[in-house]
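Heads up: the sequence lines are chains A and B, in that order. Following my numbering, the numbering of the first sequence begins with 44 at its first residue and continues without gaps. Following my numbering, the numbering of the second sequence begins with 5 at its first residue and continues without gaps.
Be careful, since some hints might not be right.
[What the hints assert, rightly or not] A short, non-exhaustive set of chain A residues, derived as facing chain B with CB atoms under 7 Å:
no., residue
1, Val-208
2, Leu-211
3, Phe-212
4, Thr-222
5, Gly-224
6, Ala-226
7, Ile-231
8, Arg-268
9, His-436
10, Ile-457
11, Glu-494
[Stated by the list, open to error] With the C-beta cut set under 8 Å, the calculated list includes, among others, these residues of chain B facing chain A:
no., residue
12, Leu-55
13, Thr-109
14, His-129
These are calculated hints, taken from the structure and not from any lab test. Glycine residues also receive a C-beta, built at the ideal position from the N, C-alpha and C atoms.
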Amino acid sequence: MLELLQHGFSAVFSLNIMVLVTLGVAIGIVFGAVPGLTAVMAIALCLPLTFSMGPAAGLSLLVALYIGATSGGLISAILLKIPGTPSSIATTFDGGPMMENGEGAKALGVGVVFSFLGTMFSIAALIFIAPWLAKAALSFGPHEYFGIAIFSLTLIATLSTGSMVKGLFAGVVGFVVSTVGIAPVDAIRRFTFGLPNLNSGFDLLTVLVGMFAISEIIKVAENARHETRATVGGVSMRAIKGFGFSIKELFEQIPNAFRSALIGLGIGILPGIGGGTSNLVAYIAAKKRSKHPEKFGKGCIDGIVAPETANNAGIGGAMIPLLTLGIPGDAVTAILLGGFMIHGIQPGPMLFVSQGELVYTIFAALILATILMLVLEFYGLRIFIKLLAVPKHILLPIIMVLCVVGAFGLSSRIFDVWTIVFFGLLGYGFVKGGIPPAPFIIGFILGPMAETNFRRGLMLSDGSFMGFLTSPISGSFLGLAVAVIVWHLIVVLRGKRSETAEILRA
Amino acid sequence: MDRVNKRELLIGIAMLGAGLVYLFLTMGLPRKAFIDAAFVPYLLAAGMCVLGALQLLSARRSPEADGDTPAAAKDSADYATVGKTLGLIIGYIALLEWVGFPLATVAYLYLQFIVLTPLSQKVAHGRYLLIAVLASALIYALFRYGFDLMLPAGLLGFIE
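Taking the hints into account, I'd like the entire structure generated from these sequences.
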């Protein structure tokens, strides 16, 4: 393992990858910091740039964007009191008051350092858990993959925000869209309406760009005319020593950070929920375990440490099922999966066997990007603050053009450009209907996996459905899927709202 | 309250309608056996219809919960701007191949900047045009010459 990691570091320390990772982190931070711009947008925009790069360079850029965008949300959460991403909602609770109390620099310092520590913790977990899990997953057959796909679909549909019916519906619609094209096993054309362009179905990236970038642009248009300029709080990082807080404070926060990192990692591994939930759960846990819960919400660093450690610890967590099973946990890892596929790489257990060096190059790029995130966020803060003021009515149309270029670049077809508009409208419809888009994407990705393995599994067990239940792993996952739905139904029928839901409603 | 209920009801109708359309399309697939290429689509169509029906039921049964749902917030969306934005995007893509990326992009960006300009700010025609031309030229040159991506040149075919 060490040898492979060493090889990974020697690959990322080449000049071009270093430059790409630095740029990736910086662009990611901007997309994370500016409310309305997302990590998915950042990756979608930079994907066409990677078309002509090798897999190591291209994937290093993409993971750097992911790390930068996840962490960048804290800048606007503290300076504007608006979370740049849903992962930083809880950061505003204490970041905002600290800013008002004149402790903005300290709040940023704490946020940046614990983002760094959370990410590093999760990357360490990824490096140790992923190879082990990949080894175990090598023995998985169609029955097991079917069970895992159904469990993941159920989990994301029930755990995503909003009503369970809408979440499940979104997952089913994603699955439905994936049935367009040549069917697995039988190879007959389904729902192609005689259009040759539909024979291979919809490209994952066009679906993602449409659902998450184009729909966002349309949504922003709703309020663009009435937008008022946000006032960005000014902080000077020059006068402060170190990162703005003492060593004593750092050590005092270790139990809180460790607990939050475990929460972030655990939630990150589960499909469907990520930083958007873990930052709130970690905040609530920190408040409950604190000796002085009354200080929360008034500007105490515990309230920044918990969400920022947890949301960043989700990065390594979400990469575990992506790399070992090819299952993305959320929209960002789904678009990363698309990026892998562009470079001809299919994530899954075989990746660790056939492209071990590349996997460890990704690990090394993650570590490098995390270190650069710490440096850039702290010392380049003034530049990022200026970028927060870039008007959206200029920025969003340019992003739209880059989305068009990215879609066209996939296969040089205008058809793909129309596809992003179609899915943009569908995504906007989802927003207006209160239907969560994340289960749609997971349904779209896991649908073919579930159907193909269902058909193969049936062939292997001579048409008997019992094969799915008698296989211990498949049976366990299918049982868990049923348990998740039953548990969720009980919660809904009791009408009890979780604390996380209560905070989101406040 | 009534408005939200209607909204949830409409969502339920749309969900059920989508399920029925998909079921109708699935019925057109050729059948070979019980488990074939149409089996999963039938399951999905049934699932969509059931979920649509459940949504309709929940919209009818829980009017008291409506007042505090996020959807209950007053819809202050500026749909005129949304419509103009959509029109511009569709026009842009429709003209992309014929007019070409550089010119279509300049026109799209310039018009889109104007459409999205907040009411509190003045439309800066000169600045918008300059940004549109620079952005279009930069993106075209970057992808055409830097990454070998043959974006349609259209009317400016001579620059290839």
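Structure-inconsistent hints, enumerated in ascending order: 5, 14
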